[in-house]
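Colleague: Sequence:
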Amino acid sequence: MKKLKEANLYHSELIPIGGKLVERYNKCLVKLGFTATKLQTFHIDGIGWSPEVAEEKQEVNYLNNGEANPHGIIISPLQQGKPVYLPFHTFDKAMMTQVFKTHGKKIKDITRDSAICLDFDQGIDAFYEPLDVLKYTTVKIYFHLIDNLDKVKETQLELVTEFKKGHNFISETMHKKLLDSAKRYGDLRARDLDLPSLTFVTDSFYTRAFGGVYVLRDFIKTIVVFEDATWHKEAIKDTNYDVLIYHIEQPELMDKLRSHMIVEYNLEAEVQTDRYQRIKKFEMFRHLKTTQHPIQDILNDPILYKSYLNKLDIKARKTVMGVERYLENLKTSNKHKIADTIDLKLFEALHKPHSSLEPKHQDLIWKLLINIAPKDVLYWYWYDKADFYTNFKTWDASFKDWVVATISNNI
Numbered sequence: 122m123k124k125l126k127e128a129n130l131y132h133s134e135l136i137p138i139g140g141k142l143v144e145r146y147n148k149c150l151v152k153l154g155f156t157a158t159k160l161q162t163f164h165i166d167g168i169g170w171s172p173e174v175a176e177e178k179q180e181v182n183y184l185n186n187g188e189a190n191p192h193g194i195i196i197s198p199l200q201q202g203k204p205v206y207l208p209f210h211t212f213d214k215a216m217m218t219q220v221f222k223t224h225g226k227k228i229k230d231i232t233r234d235s236a237i238c239l240d241f242d243q244g245i246d247a248f249y250e251p252l253d254v255l256k257y258t259t260v261k262i263y264f265h266l267i268d269n270l271d272k273v274k275e276t277q278l279e280l281v282t283e284f285k286k287g288h289n290f291i292s293e294t295m296h297k298k299l300l301d302s303a304k305r306y307g308d309l310r311a312r313d314l315d316l317p318s319l320t321f322v323t324d325s326f327y328t329r330a331f332g333g334v335y336v337l338r339d340f341i342k343t344i345v346v347f348e349d350a351t352w353h354k355e356a357i358k359d360t361n362y363d364v365l366i367y368h369i370e371q372p373e374l375m376d377k378l379r380s381h382m383i384v385e386y387n388l389e390a391e392v393q394t395d396r397y398q399r400i401k402k403f404e405m406f407r408h409l410k411t412t413q414h415p416i417q418d419i420l421n422d423p424i425l426y427k428s429y430l431n432k433l434d435i436k437a438r439k440t441v442m443g444v445e446r447y448l449e450n451l452k453t454s455n456k457h458k459i460a461d462t463i464d465l466k467l468f469e470a471l472h473k474p475h476s477s478l479e480p481k482h483q484d485l486i487w488k489l490l491i492n493i494a495p496k497d498v499l500y501w502y503w504y505d506k507a508d509f510y511t512n513f514k515t516w517d518a519s520f521k522d523w524v525v526a527t528i529s530n531n532i
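In this text, residue positions in the sequence shown follow the numbering used here: the first is 122, and each later residue adds one.
There may be inaccurate statements among the hints.
Unchecked claim - Mimicking DSS-like on lysine-lysine, the simulated pairs with C-alpha atoms at most 25 Å apart in a straight line are:
(1) K488 x K203
(2) K342 x K377
(3) K436 x K452
(4) K521 x K488
Please keep in mind that the hints were generated in silico from the structure rather than gathered at the bench.
All chains, please: the whole structure from these sequences, using the hints.
Modeller: What follows is the structure, encoded as structure tokens:
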């Protein structure tokens, strides 16, 4: 991952945490039912997730109490607007945007000397069946302060009221109670520590529950797409819901997405784009075996590219050039079928979200398309960083250089 880090493409917007903030972070972890971290320094993202803490605990979802109960931690106003690097749901970033938009000023004040634990409650205590994800409709966002600071404020106000009664103002015991509270928590009387719960309404989304599930509920008919084959088999047994259920590898899925005007393709237009060139070069890389030149040079130099293309076996060559061959054949006859000339996964990779979709739905469908056919390294990085990072580790060093340069040149 060194190449990505040097190019600021790996968790580059994380917030460094140390000193007192570590103590507050640990109080949040304990309050949420988790164990404290032993790390003295680490980094967090917009929702409070830390890659170092995840590595320490050997659990990427360490802020979850089961798949149905995700949480977050706010210990700095700097988290506002920061990425959520490993969202459990695709709407996690939108929820955090709503949190800071509504309570931003209070959060800035509270995090001067405290921290906020977030409870994302969708009204489900635990998942039992894979189609339980359909119960996601609204999410209540609850806020809990460490050290119960809001309750301490109430106690301080009660003490002041008591102090003013009768001759209590000369009571040494009363003085001590007020001073002890002020020394430990500060004077909270004028602080606004009230963070009313928020309601976030969901529509279509992706969740990492049950091995990864897409819920597309804003179209002709609700479509549920499973990434995990075992959970898909379990889901199709459930007759309680009138929905369409697919596994992400089923070819029928793309047919349905096209017929529901969720995705579309235009090969004539697509071959003119930079995206097509990235996809074709990724396909070329997949078929290159032993090379005398660095992969990056082969993909960037037209002469070397043609040289190595002609060195491929005929089957691989036809795969890499399948789209051009198909479009060329169409000039002589419209009887040619896409499936006879273009590799299925390459064809799927050339789809895009339907132009009629709202921007928020387009982002979700881009993520789905990348998961169906991950061949565009730029969109792969944009829409599924976790999966991109995992695959990046396995690639040839020179190809990594090409990938880093490609992404850097498009940001």
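Colleague: Need the list of violated hint numbers for this structure, in ascending order.
Modeller: As far as the earlier hints go, not one is violated by this structure.
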